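Asker: Chain W is already provided as a structure; the job is to place chain H on it using the hints.
Just so you know, the sequences run in chain order W and H. The opening position of the first sequence corresponds to residue 1 in my numbering, with each subsequent residue numbered one higher. The opening position of the second sequence corresponds to residue 1001 in my numbering, with each subsequent residue numbered one higher.
Since the hints were derived computationally from the structure, they do not count as laboratory data. A couple of the hints might just be wrong.
[To be verified] With a Cα cut of at most 20 Å, we get these calculated SDA-like pairs of lysine to any residue:
1. K50(W) <-> A1195(H)
2. K160(W) <-> K1179(H)
3. K160(W) <-> G21(W)
4. K163(W) <-> L14(W)
5. K438(W) <-> P1056(H)
6. K160(W) <-> E1180(H)
7. K90(W) <-> I1033(H)
8. K1179(H) <-> D20(W)
9. K438(W) <-> K1031(H)
10. K50(W) <-> S1197(H)
11. K1066(H) <-> P1056(H)
12. K384(W) <-> Q404(W)
13. K384(W) <-> K438(W)
14. K1066(H) <-> T1152(H)
15. K50(W) <-> D1198(H)
16. K160(W) <-> L1193(H)
17. K1194(H) <-> S23(W)
18. K50(W) <-> T1200(H)
19. K79(W) <-> F1029(H)
20. K363(W) <-> E353(W)
21. K1031(H) <-> Y1093(H)
Since we're looking at a predicted model, the values are computed, not measured.
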Amino acid sequence: MAKTLFEKIWEKHLVSTLPDGNSLIYIDRHLVHEVTSPQAFEGLRLSGRKVRRPELTFATMDHNVPTDDRMNIKDPISKAQVDALTKNCKEFGVKLYDLNSDQQGIVHIIGPELGLTVPGATIVCGDSHTSTHGAFGTFALGIGTSEVEHVLATQCLPQKKPKTFKVEFKGQLKPRVTAKDLVLKLIGLIGTAGGTGYVIEYCGDAIRSLSMEGRMTVCNMSIEAGARAGMIAPDQITFDYISKPGRPFAPKGDDLVRAIAYWKTLPSDPDAKFDRELVIDASTIAPQVTWGTSPGMVLDVTSRIPEPGKVPGYAARDVEQALNYMGLKPGTPITDIKIDTVFIGSCTNARIEDLRAAAAVFKGKKVAASVKVLVVPGSQQVLKQAEAEGLDRIFKDSGAQWRQSGCSMCLAMNPDFLQPGERCASTSNRNFEGRQGKGGRTHLVSPEMAAAAAIAGHFVDIRNI
Amino acid sequence: MKPLKAHNGIVATLDRANVDTDQIIAKQFLKSIARTGFGSQLFYDWRYLPDGKADPTFPLNQDRFKNASILVAKNNFGCGSSREHAVWAIDQYGFKVVVAPWQDREGGRVPGFADIFKNNCSKNALLTIELSEAEVEKIFKTVDAHPGLTATADVEKQTLTLHAKPEISFHFEIDAAVKERLLNGLDDIGITLKAESDITAFEKTHTSYISR
Chain W
1 MAKTLFEKIW EKHLVSTLPD GNSLIYIDRH LVHEVTSPQA FEGLRLSGRK VRRPELTFAT
61 MDHNVPTDDR MNIKDPISKA QVDALTKNCK EFGVKLYDLN SDQQGIVHII GPELGLTVPG
121 ATIVCGDSHT STHGAFGTFA LGIGTSEVEH VLATQCLPQK KPKTFKVEFK GQLKPRVTAK
181 DLVLKLIGLI GTAGGTGYVI EYCGDAIRSL SMEGRMTVCN MSIEAGARAG MIAPDQITFD
241 YISKPGRPFA PKGDDLVRAI AYWKTLPSDP DAKFDRELVI DASTIAPQVT WGTSPGMVLD
301 VTSRIPEPGK VPGYAARDVE QALNYMGLKP GTPITDIKID TVFIGSCTNA RIEDLRAAAA
361 VFKGKKVAAS VKVLVVPGSQ QVLKQAEAEG LDRIFKDSGA QWRQSGCSMC LAMNPDFLQP
421 GERCASTSNR NFEGRQGKGG RTHLVSPEMA AAAAIAGHFV DIRNI
Chain H
1001 MKPLKAHNGI VATLDRANVD TDQIIAKQFL KSIARTGFGS QLFYDWRYLP DGKADPTFPL
1061 NQDRFKNASI LVAKNNFGCG SSREHAVWAI DQYGFKVVVA PWQDREGGRV PGFADIFKNN
1121 CSKNALLTIE LSEAEVEKIF KTVDAHPGLT ATADVEKQTL TLHAKPEISF HFEIDAAVKE
1181 RLLNGLDDIG ITLKAESDIT AFEKTHTSYI SR
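Next comes chain W alone, as it looks inside the complex:
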């Protein structure tokens, strides 16, 4: 019978069917960070359980990390959480990439860098953006802390089989339109609950043309469409990424040859059936800017702020609440919206290609006087690479701040946050109320669009630059 990529991985990881009808799925990689794990380790301690497969479990600290003086965490509660991870990893024998490590970074950025993320595997992490790893043809899903404890104790996860949703992007993206715009467009079309209950498989020419980094951006935001996971079938671009030197956990030599032969069997069979299908013409996608407090409140940069009652999928009252919070009036052209802050970072858009794209816009230009710009690389490896290429100089010369790696202002758990009323062009993934700081106003955009807005002081259509 013809199978989808997801079904092939699911079947290969099915340990047993539980008496209650759930499937018990084996987990190949468990990624851990400091925020959602302490209560899980404590649960193990209380029940006298061990980590079943510590060698398949990898930890880093990213959410609380200051991006200026990273070794000096001033907030005692943040410090205690980071220290708890160190202690737990030591006690349970889990490999930790801590703040002294050259390989520390946002958990979803270092997984692929280290070669932990490979096609056909199952990956979980107590973080909703675990969907990022699906870019490699991996079944990767975010879980809660009870499930983190479950995987630590059993290396398995009871799951109800999700439905499958094929999203095909026909044609090619136009120049200056990015993976970020592609996925924001999808969320605008299907809504933030449009993928709930599904695993999305992205396919089509526009997806095939994306680099691994672009594919990670797309899969990363699957959760913003409500999807359990996002996936892209592996191909030569995937194999080339994994084969690069410096990925300690990736298969090598004969193992790699055997692995690639297996990975080539993973793509969905041509006649495989999906529970839902959608086709989008990629060539019609324009640069996207969110205007509200839900990632589905998104429009082309050429649009005007909508009237309540005229936004598909949102009740008039939802739109009124969002506009009130965002301090915006219907009819305002998006390109008239002035910004105070620009954040270039996060597991969505803080890989080297994102920084190169932003730097290309900043090069030789100055940030508008009223705008503060934070560039936060996704990992220490990205930071080093960027500095080797001189990108840090470009950012600093234009007036942007060049920081150390971490989650930073994406969720503002560390000292990087917006003040009430401050308006931010952000390359992150969520524009929820208060996400980047209480009262802060977030507009989600691509790195290029964020950089262009930093220079102009307001949103601009990157295609006109």
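Answerer: Positioned in the frame of chain W, the structure of chain H alone reads:
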């Protein structure tokens, strides 16, 4: 996990769609390494004024919803971050049941709760009930017409009954595995460990083509 067979309590309504987990429990409270103490932090940015006083315009601060333990909101409740702290906060505030509407849309039915949130609820004996938009509208209207309205959620019978005059009862669907766990207060890890021999056998032959 404690069993939850049925729950009776006061119904509170929150007229908001897409209530995200950032809003349910703000980031500054995720720094705790404990599993308790989140109740007073629930809906922090909506609940408190800048001076720390309760915002009287926020529904849960109003007398009519004092001691409420059944929360009714709009579509796509619990979207966003996977933080289980959101469920702990709702539970520790005193809610035992959350109700949200599914929606019929082009492409199929859209669930009322986000996946990870709903999953996290099932690990904490917090009952999630999905009803149609019309049924949830009916609850909002009934609550407005009956100050202090109470309701009973019965897991066994899969009914939510509003104790209005006359009583109004809704049937809800629930995943069989979740129902069994709620009724019996089962420990998920304990269930999985009963399959220990299956896991060990699986590990002997499983190759995921990843370097170890």
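Asker: What are the numbers of the hints that this structure violates, sorted from low to high?
Answerer: As far as the earlier hints go, only 13 is violated by this structure.
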